[in-house]
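Undergrad: One-letter residues, chain by chain:
There are 2 protein chains.
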Amino acid sequence: MSLVHELSSLLPAARISTRVADLEVAAGDESACQPVRPDVVVWPLSTDEVSRVVGCAWTHGVPVTARGAGSSLEGNPIPVRGGIVLDLSRMDAVVEVHQEDLQVSVQPGIVYNRLNEQLKPWGLFFPPSPGGSSDVATIGGMVANNASGIYSVKYGGTREHVQAATVVTGTGHVLELGTRSRKTSSGYHLLGLVVGSEGTLAIATQLTLSLAGLPQGRKQGALTFPTEKDAATAIATMMRYGVDLAAVEFLDRRSIVALNRYRGFGLEEQPSLFLEVHGTPDSVDAVFETAQAVCEEQAGRVIVLPDGQNPWDVRHFTTRAIQALKPEGKTIRTDMGFPLSRLPEVVEHSYAIAERHGVVLHTFGHAGLGILHALLREDPADTQRWAAAQRAKDEMVGFVLSVGGTASGEHGIGLGSQKYVAQEHGSSLALMKHIKRVFDPKHILNPGKIWPDEGVDG
Amino acid sequence: MSLVHELSSLLPAARISTRVADLEVAAGDESACQPVRPDVVVWPLSTDEVSRVVGCAWTHGVPVTARGAGSSLEGNPIPVRGGIVLDLSRMDAVVEVHQEDLQVSVQPGIVYNRLNEQLKPWGLFFPPSPGGSSDVATIGGMVANNASGIYSVKYGGTREHVQAATVVTGTGHVLELGTRSRKTSSGYHLLGLVVGSEGTLAIATQLTLSLAGLPQGRKQGALTFPTEKDAATAIATMMRYGVDLAAVEFLDRRSIVALNRYRGFGLEEQPSLFLEVHGTPDSVDAVFETAQAVCEEQAGRVIVLPDGQNPWDVRHFTTRAIQALKPEGKTIRTDMGFPLSRLPEVVEHSYAIAERHGVVLHTFGHAGLGILHALLREDPADTQRWAAAQRAKDEMVGFVLSVGGTASGEHGIGLGSQKYVAQEHGSSLALMKHIKRVFDPKHILNPGKIWPDEGVDG
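Taken in sequence, the protein lines are chains A and B.
Numbering of the first sequence is given in this note's numbering, commencing with residue 707 and proceeding in unit increments.
Numbering of the second sequence is given in this note's numbering, commencing with residue 707 and proceeding in unit increments.
I should point out that these hints are in silico values taken from the structure, not numbers from a laboratory.
Just so you know, these numbers come straight off a predicted model, no measurement behind them.
Be careful, since some hints might not be right.
As the list makes no split between identical chains, a pair holds if one copy fits it or if it spans any two.
List time: in silico DSS-like cross-link candidates among lysine-lysine, alpha-carbon distance up to 25 Å [what the hints assert, rightly or not]: (1) K860 - K925; (2) K1148 - K925; (3) K826 - K860; (4) K935 - K1139; (5) K1036 - K1125; (6) K925 - K1032; (7) K860 - K1032.
Just chain A, same shape as in the assembly:
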């Protein structure tokens, strides 16, 4: 194969592979989407190597899909048109800590938790904490999906924290985007366009992130509520009152039951909120008391987690716990985002829709942001229930779109949510396709994602 031959002139043989085992690893992600093997996997170590590989792909008109940890949930890195997978996991260095500016420059393959371990001695952290994936998700993957996490309710999502980036476009050109100034009004915001574009516009090879100082004071807690709607109302009210929560996670009763079954956490089996407050040692108690008072109006009760467990160590296992309830199944999941005032309504509607379709759902999410995941775990072999679960998902997503929401709060569109894109974006979808062509004229960067692939000239 002449492509592989040419790649051999760009990278050492040890960093190019066509072995089935390597192609298999690069074929899939954590979604229910069908894996597809690429033709070749490469492990570049520098911007220059990425540029040369993409340049080679451009010459040959071969697809290139960048890959981090493969922990995405919508098929985002599946190389559906084959070609080259650019595995960036070995580009995992902290390039420079700009301590005085609360910034860090990193390579894209560094894992979220690993970055924060390295930042700890500097008194800094990168806030968007991508839930159960924090110990595997790479910064490059978070940037590609504009990921959010438990602390995004206070600190924002990934896009707001990307100050500057070195990126390689679909022609192999290297661009420097952004600035180290906290604020700029100079030129078009190409950086914000590349963030969240799922590797379809450009591949980031270095990122400068803005950070937060580690809070001096921190307080965590958990509350239970009689119903899911009570918990949802409490969240919407706290956010409206501006209660300064660093995190407020919602778990429905069924998710709690699943967690108890999975790991014997011994949690009270009620709809629950897990909270965290950041501030000074004095201020966190006051904020927590305000939160508690609002929750008590919705019959919320502060509970103590058994054995002094940390709420995030529990929360971490939610998806796995739900999946374990039906190991033979696959997961259909929503990634709904919506105006926060609609949270109680979205929760109620989602249960009603699932009930009508005869399927069982579990709901949880960064509810303070207005993000709710509904997980339906079904066996695809049971075609009738699988189809019913799909219909339930369509109706739930349709409802949030009808109230000004989004089909993807934080996971990206990938393959899994493409059918909602036309409804959400309407006529601006045509413009997005034109912009794709500006960055990637031959349509080789992660083709087939966000909207159905229409071929090289799409």
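Since the structure of chain A is already known, use the hints to place chain B on it.
TA: This is chain B only, laid out in the frame that chain A set:
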């Protein structure tokens, strides 16, 4: 003129004008750039009317420049190629307050202060407070320039507060961008691209903004320092320690002298910081004390403004006060943004550069964001001093670019800062031009801005 005739079929005669007085008003802004009269001014009242006017301009290949208050500082709305000025000042309605979601939908012509007056009964406000222009600047203009203001250090700039927008592209097409969800990972971030594009990609006709709750507690104060460098070091240190300031404005000694001369404020003539803290009635004192302690390490001293004056009422007049020192002059101004740790160095360098060129500068700005304006007030008729002031500006901007900064922190590029764009954006400037063509294929929206106009096929 057939264009005006055709416009008459789209709008009532009372909202179309070719009168010299109207053309004159639409010709310029607050910058030193040469005004240029358009051929016709129109006052649309709806998205539909804007769409039809732009559609007509598209047919005729005639430039269309959207205009708000004309308070911009870089020539941004000057219709340098003539054509139609679309004056949006009559589209100034608050369309809907979404109180529970801390959002508001507005038309673009509403003035910043007027919006906040209307939001006050709801307990909400739109934070980016554009300094001395707050009583004239329109939301549409702020969005076009991604404006920031005194409260952006805590709450962010304009882009971060735009949730959704109705926009009209250069072909007259109406697009709905964004979502009312606080967070989305769906599709390309076209909304963020349009914000800050200075009316060159699309014209916003409705905007949904995210708001903040009015703080329960608020504390203001002022400090003086022996030198500008001491004040700058204090700011950089406070931001590094994460002191939660809502505003921290820097004024050099000369700006204070100018303010005293302009309005007899009776201020102590020393480099000064004006601060504001937002929080609970209890927390603001504690934060202010921390700020004071940091400032005292740099020999800063808390002062009481004479006659119980509010610092922002004083700050408001800074530009006018400096201009009044030389009424026959024009203003050359920088809009530098840079990594905050460089603030003391940028301040020192700017004075040294001005001294070397024999010109006098005044510096002030949202220094907590890393934004510094240096104002040089000279008479263009004195060609030697005018050229020296230009060279001084070039060197100051060159310095911040060399340390990872930006030529425009908040005013946009317009006409005034075009010469720095190639240096700042390098090869991505070519991509910006391609994107311009995607939104505006005939190059009719505010042509000649951000980079030098290369004609319709540019």
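Undergrad: Is it within, between, both or neither when you check K826 against K860 at 25 Å Cα-Cα?
TA: both (19 Å within a copy, 23 Å between copies)
Undergrad: With 25 Å as the alpha-carbon cut-off, assign the pair K925 and K1032 to within, between, both or neither.
TA: neither (35 Å within a copy, 56 Å between copies)
Undergrad: Between copies, within a copy, both or neither: which fits K860 and K925 at Cα up to 25 Å?
TA: Both: 14 Å inside a chain and 22 Å across chains, each within 25 Å.
Undergrad: Treating 25 Å as the Cα threshold, decide for K1036 and K1125: within, between, both or neither.
TA: This pair counts as within: shortest intra-copy Cα distance 19 Å, inter-copy 57 Å.
Undergrad: Using 25 Å as the alpha carbon limit, work out where K1148 and K925 are close: within a copy, between copies, both or neither.
TA: For K1148 and K925, neither the intra-copy (51 Å) nor the inter-copy (57 Å) Cα distance is at most 25 Å.
Undergrad: Within a copy, between copies, both or neither: which one fits K860 and K1032 at a CA-CA cutoff of 25 Å?
TA: Neither. Shortest intra-copy (35 Å) and inter-copy (46 Å) distances fail the 25 Å Cα cut-off.
Undergrad: Reference check for the pair K935 and K1139, CA-CA at most 25 Å: within, between, both, or neither?
TA: Classified as neither: same-chain Cα gap 40 Å, cross-chain 50 Å, threshold 25 Å.
In summary, the structure is inconsistent with hints 2, 4, 6, 7 from the numbered list given earlier, while agreeing with the others.
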